[in-house]
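Could you build all of it, start to finish, from the sequences and the hints given here?
Here is what each chain is made of, one letter per residue.
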Amino acid sequence: MNRRVRRWFFLICACAIFGLFVSAVRQMPTFGHYRGPYGDILNRETVYERHITDVVTAVNFDWRGIDTLGEESILFLSVIGTLVLLRKPSSEVNDSHDENDTADKRKGREIPLPSAATRVATLGLVGPLVVFGLYIVAHGHLTPGGGFQGGVILATAPLLVYLAGDLKSFKRIANHETVQIGEALGLLGFLILGLPGMIRGGAYLRNVLPLGTSGHVFSGGMIAPINVCTGVAVSAGLVAVTYVFLEHTLETRLRGRR
Amino acid sequence: MSLLPYIVAVWLFLVGLYGIVTSRNFIHLVMCLAILQSSTYVFLLAVGYRIGAGPPVFANVPVGTPAVDPVVQALLLTDIVVEATVVALLLSFAVQVHRNTATLDPEKVVELEG
Numbered sequence: 001m002n003r004r005v006r007r008w009f010f011l012i013c014a015c016a017i018f019g020l021f022v023s024a025v026r027q028m029p030t031f032g033h034y035r036g037p038y039g040d041i042l043n044r045e046t047v048y049e050r051h052i053t054d055v056v057t058a059v060n061f062d063w064r065g066i067d068t069l070g071e072e073s074i075l076f077l078s079v080i081g082t083l084v085l086l087r088k089p090s091s092e093v094n095d096s097h098d099e100n101d102t103a104d105k106r107k108g109r110e111i112p113l114p115s116a117a118t119r120v121a122t123l124g125l126v127g128p129l130v131v132f133g134l135y136i137v138a139h140g141h142l143t144p145g146g147g148f149q150g151g152v153i154l155a156t157a158p159l160l161v162y163l164a165g166d167l168k169s170f171k172r173i174a175n176h177e178t179v180q181i182g183e184a185l186g187l188l189g190f191l192i193l194g195l196p197g198m199i200r201g202g203a204y205l206r207n208v209l210p211l212g213t214s215g216h217v218f219s220g221g222m223i224a225p226i227n228v229c230t231g232v233a234v235s236a237g238l239v240a241v242t243y244v245f246l247e248h249t250l251e252t253r254l255r256g257r258r
Numbered sequence: 001m002s003l004l005p006y007i008v009a010v011w012l013f014l015v016g017l018y019g020i021v022t023s024r025n026f027i028h029l030v031m032c033l034a035i036l037q038s039s040t041y042v043f044l045l046a047v048g049y050r051i052g053a054g055p056p057v058f059a060n061v062p063v064g065t066p067a068v069d070p071v072v073q074a075l076l077l078t079d080i081v082v083e084a085t086v087v088a089l090l091l092s093f094a095v096q097v098h099r100n101t102a103t104l105d106p107e108k109v110v111e112l113e114g
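Read top to bottom, the protein sequences are chains X and P. First residue of the first sequence: 1, per our numbering; consecutive thereafter. First residue of the second sequence: 1, per our numbering; consecutive thereafter.
Misleading hints may appear alongside valid ones.
[Unchecked claim] Quick list of simulated restraints, FRET-style, between CB atoms:
1. Leu-85/X - Glu-107/P: 14 to 24 Å
2. Arg-255/X - His-28/P: 27 to 37 Å
3. Gly-212/X - Val-61/P: 11 to 21 Å
4. Leu-85/X - Gly-64/P: 48 to 58 Å
[As the list claims (entries may be wrong)] A few chain P residues facing chain X, derived, Cβ under 10 Å:
5. Leu-3
6. Tyr-6
7. Ala-46
8. Ala-53
9. Phe-58
10. Ala-59
11. Pro-66
These aren't lab readings, by the way, just hints derived from the structure by calculation. Please read these numbers as outputs of a predicted model, since none were measured by experiment. Ideal placement from N, C-alpha and C gives every residue a C-beta, glycine not left out.
See below:
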């Protein structure tokens, strides 16, 4: 099928999809008038029954916790897949040369270090970002946030170190065994936290911890530990992925600087 | 007017699909897939929206305050996480394709193999 035929074929199909979609949507409740009932029930009962003030987190980690476990497994498998596909044997890393880098060097153009302003701004932000990420992870059951969001914020801290041009530190942080072990331990922790509920004769992932007072950090039972596990898995996974994507450039630049 | 959010969703879907169909570069293709998937964000949020209602967080407001549907927002979180990791996986496939065939054009890759 050549490009022209394909484009026409797409155009016809797109018109059909658009027509079907609009006719389907016209039968739905009008926009802005959500009719429920599930969302309303959850909004009404979550605070009383689970002592969690952020209903979205409660839905994710309590009401449908097993779905989130599946979601985290997708994340885990994607990270593993990316690492397997991109990681090269260490001998190959040392032999390879980035063509652009060597071409630049032949012309006498070294890659400049980031400016002092960039270094100060990025390295100065690392500390606050780590604290902010931990705060978002730990308060997931109270305000918007949780393991996924906080984990992503935590994973940006090593990237700031990279942006600051501190390549050796970035390599030491991101290529550390802790990152790879943390990725696995995060998922394992989530899996294990589901078991006490079963041991006590209930369902998997059922809450066994005291619920505490709504609105306090130590409340909501198992949500906070599960969020911490998720945060560890997400941040470690993202750091591992960024490292493996940057590995090639990183090695070339580190060699060039020596 | 009440159809507008849904039309935006289907428009994003079709634009992303058009990009995938006509793509000449795997990285561009992956980005188009991300755009296609973002149509589901718009759609899900539109389904659960309620005019004048607040977020489903009752940290500072009493229970019973009108709030939007928390279920679709939780689904959306799943959606975003899966999308981000799948994009990373697909980009690593793109790197692998480039390593093996020295091209990123889907049509050329097919020619080389066929």
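So, going through the hints one by one against the coordinates:
no., hint, verdict
1, Leu-85/X - Glu-107/P: 14 to 24 Å, "holds (22 Å)"
2, Arg-255/X - His-28/P: 27 to 37 Å, "holds (31 Å)"
3, Gly-212/X - Val-61/P: 11 to 21 Å, "holds (20 Å)"
4, Leu-85/X - Gly-64/P: 48 to 58 Å, "holds (50 Å)"
5, Leu-3, "holds (6 Å)"
6, Tyr-6, "holds (4 Å)"
7, Ala-46, "holds (6 Å)"
8, Ala-53, "holds (8 Å)"
9, Phe-58, "holds (5 Å)"
10, Ala-59, "holds (4 Å)"
11, Pro-66, "holds (9 Å)"
Of the numbered hints listed earlier, not one is contradicted by the structure.
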